[in-house]
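All chains, please: the whole structure from these sequences, using the hints.
In terms of the working numbering, the sequence shown opens at residue 5 and continues consecutively.
Simulated from the structure, these hints should not be mistaken for laboratory data.
Just so it is clear, CB atoms sit at the ideal spot from N, CA and C, and this is done for glycine as well.
Please note that the accuracy of each hint is not assured.
[To be verified] Label pairs and their computed distance ranges (CB to CB):
#, residue 1, residue 2, range
1, E171, Q206, 21 to 29 Å
2, W148, T25, 32 to 40 Å
3, A185, E118, 12 to 20 Å
4, G71, D147, 41 to 49 Å
5, R221, R120, 27 to 35 Å
6, E142, T23, 38 to 46 Å
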Amino acid sequence: MAETTETPRAGADEGRLRTSTARNFSADAENRIHSDDVAERFGFEGALVAGAAVFGHMAYPLVQALGTTWMESYRADVRLIKPAYHGDLLSIRHTPGETHTVRCYARGGVLLAELRTAPDASTETLGTMPQGDPKPAEREPIDWGNVFVGEPFPVWTWRPDAIHNAELAAQVEDDLPCFAAGVVHPNAILGAANQAFMHRYQLPAWMHVGSAIRFRRLLRVGDEIEVRTVPTRKWRRKGHEFVDLYIIFRVAGEVATEIVHTSIFKIFERPAA
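Here it is, written out as structure tokens:
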């Protein structure tokens, strides 16, 4: 895979640079893109660090600057452009403004990810969730033919606990006190969006490549969170097969978080030479 580089900008925002180390805590996961042998088969240098973790690293300067307000009333759009590998030294640059921008670099200036976020008081939703409770479905191997746009997944309940939340914060070197006090970490939020996908399908090798998120209220350890998911689009490009999932997290009947979660569920594999 060819990589382009972009040098992190110096200047007035030089002091807003944070560094942290990417770690792969998913080597034993069902998704074998987090293993060296499978990732290398698809042309990567090694196992990929989870995109949710990259997002978790990038969230640090936003929570540091904006407090938990960021996770209550902002919209965030993150693009995962290039993979992060285990041991990468990440340079996280936060540029504040009406729209805050966070960029993540590694490996001599390679731009890995970009996050843009701004306040959002809109009452419009990011998608449409069908009404009613869908029928239970067997968890089956994913295939183009069994991803049905507009057909919701079975509902499941997520109950974040303090130990797991602390582990996910530590994985991205985040020691901000709000997470120790019970606010659910951004790494956990996009991790749960991944779980929504995996609750429905067996996914042997896949990649999360971006998310649009609307935070409406804080999620807290101990909340009983109803997770509802529906595919809204699927498409093919350059041999890959993509899907958009519209996911909502509801607490006590109210939508707390909306996510449009974009993934490559079938990665193009070049024929062996």
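Here is what the structure says about each hint:
{"no.": "1", "hint": "E171 <-> Q206: 21 to 29 Å", "in the structure": "holds, 25 Å"}
{"no.": "2", "hint": "W148 <-> T25: 32 to 40 Å", "in the structure": "holds, 37 Å"}
{"no.": "3", "hint": "A185 <-> E118: 12 to 20 Å", "in the structure": "violated, 29 Å"}
{"no.": "4", "hint": "G71 <-> D147: 41 to 49 Å", "in the structure": "holds, 44 Å"}
{"no.": "5", "hint": "R221 <-> R120: 27 to 35 Å", "in the structure": "violated, 21 Å"}
{"no.": "6", "hint": "E142 <-> T23: 38 to 46 Å", "in the structure": "holds, 45 Å"}
Checked against the numbered hints given earlier, the structure breaks hints 3, 5 and satisfies all the rest.
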